[in-house]
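Start from the sequences and build out the full structure, keeping to the hints where you can.
If you count the sequence shown from 1, position 94 lands on 94 in the working numbering, and the numbers rise without skipping.
For the record, the hints were derived by calculation from the structure and aren't laboratory data. Predicted, not measured: the structure shown is a model, and the values here were computed from it. The beta-carbon is built from N, C-alpha and C at its ideal position, and this holds for glycine as well. Some hints here could point you the wrong way.
[Unchecked claim] Just the calculated beta-carbon pair ranges, DEER-fashion:
(1) Asn226 with Phe32: 41 to 51 Å
(2) Phe32 with Ser224: 42 to 52 Å
(3) Ala210 with Met144: 17 to 27 Å
(4) Lys74 with Phe32: 47 to 57 Å
(5) Ser62 with Leu100: 33 to 43 Å
(6) Ser62 with Met1: 18 to 28 Å
(7) Pro72 with Phe203: 36 to 46 Å
(8) Ile202 with Ala87: 26 to 36 Å
(9) Val199 with Lys148: 32 to 42 Å
[Stated by the list, open to error] Result set (SDA-like, lysine to any residue): computed pairs, CA atoms no more than 20 Å apart in a straight line:
(10) Lys148 with Thr125
(11) Lys7 with Tyr80
(12) Lys7 with Lys17
(13) Lys14 with Glu60
(14) Lys148 with Phe221
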Amino acid sequence: MLKLIIKDFSIQKKTIKRYLISALFLSVFFWFTDMRQMAFSMAMFPLIYGFMNGALYEDEKSNTLRLLASLPIKKEIIVYARYTSVALVTVGSAIIFMILNCFVLVKLLPPGDNSLDGSIFVIITVLLVFMVLVSFYLPMAFKMGYIKAAGINRFVMLGLFGAFTALISVLGGLKKDGTVPDEMTKVLELLEKSGPVAVIGIFGLIVLLAYLASMKLSVKFFKSRNLF
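If you want it as structure tokens, here you go:
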């Protein structure tokens with residue numbers, strides 16, 4: 001499995017610069033649009049998705065999956081290796097951007113500017129959301145291949161973007177009479193009482209279970225997939 005994980009990293013040499021440039025662009029964009037708390041978290045997107053899509057694409061283009069399936073390698077090992085490599089990139093990206101957030105760009109802020117307060121929690125939250133998307137995407141890729149899965153995932157991403165925009169509108173919006181909806185008030189009060197650490201901890205546990213369930217589902221799909 002270790003060799004398969006190394007393979008996923010080695011095939012990214014030609015495209016890693018493109019991922020880093022995209023991440024830098026997103027960081028600068030959010031930084032200068034007064035959304036500094038999102039600058040580092042959204043920069044993880046091209047790294048995580050770029051790595052994952054790059055590995056999936058290369059396997060399809062080079063018929064690597066067919067070659068691996070013809071070797072005396074259990075199909076679940078192929079799946080476990082892909083999930084492990086994606087997890088390593090995800091966690092590694094989060095650690096790097098949290099370090100940058102804490103020790104580099106914070107120093108560029110003027111004294112008294114607390115616009116990055118809580119940005120670590122923003123990074124972790126966005127990271128967990130990415131993991132949910134990955135948990136949905138990878139089983140499709142192992143079932144129907146990269147091209148079909150990527151096409152479906154684009155529509156999913158657009159739908160989630162619309163839902164996220166609508167949620168922001170709800171959170172920032174008011175009723176016609178100028179009051180916050182009662183349901184939203186109750187949710188916000190519950191989150192405030194629980195504290196961000198507890199909320200993210202519970203969310204993280206749910207995401208971890210979803211990721212493991214996704215991996216098991218991918219194994220099932222991949223074993224039943226006809227590659228020849």
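Going down the list of hints, with the structure as the test:
1. For Asn226 and Phe32, the Cβ-Cβ distance of about 50 Å falls inside the hinted range of 41 to 51 Å, so the restraint holds.
2. For Phe32 and Ser224, the hinted distance range of 42 to 52 Å is satisfied, since their beta carbons lie about 49 Å from each other.
3. Under the hint 17 to 27 Å, the C-beta atoms of Ala210 and Met144, about 20 Å apart, fit the expected range.
4. In this structure the hint that Lys74 and Phe32 lie 47 to 57 Å apart at CB holds, the actual value being about 49 Å.
5. Checked against the hint of 33 to 43 Å, the pair Ser62 and Leu100 passes, with Cβ atoms roughly 34 Å apart.
6. The hinted window of 18 to 28 Å between Ser62 and Met1 holds, with their beta carbons roughly 19 Å apart.
7. Here the CB-CB span from Pro72 to Phe203 is close to 40 Å, well matched to the stated 36 to 46 Å.
8. For Ile202 and Ala87, the Cβ-Cβ distance of about 20 Å falls outside the hinted range of 26 to 36 Å, so the restraint is violated.
9. For the pair Val199 and Lys148, the beta carbons lie near 36 Å from each other, so the given range of 32 to 42 Å is met.
10. Between Lys148 and Thr125 the alpha-carbon distance is near 28 Å, which puts this suggested pair outside the 20 Å criterion.
11. In summary, the hint linking Lys7 to Tyr80 is supported, as the alpha carbons are separated by about 13 Å, within the 20 Å threshold.
12. A C-alpha spacing of about 18 Å is found between Lys7 and Lys17, which places the hinted pair at or below 20 Å, so the restraint holds.
13. Annotation: proposed proximity of Lys14 to Glu60 holds, straight-line Cα distance about 17 Å (limit 20 Å).
14. Taking the CA atoms of Lys148 and Phe221, the gap is near 14 Å; set against the 20 Å cutoff, the hint holds.
In this structure, the hints that do not hold are numbers 8 and 10, in rising order.
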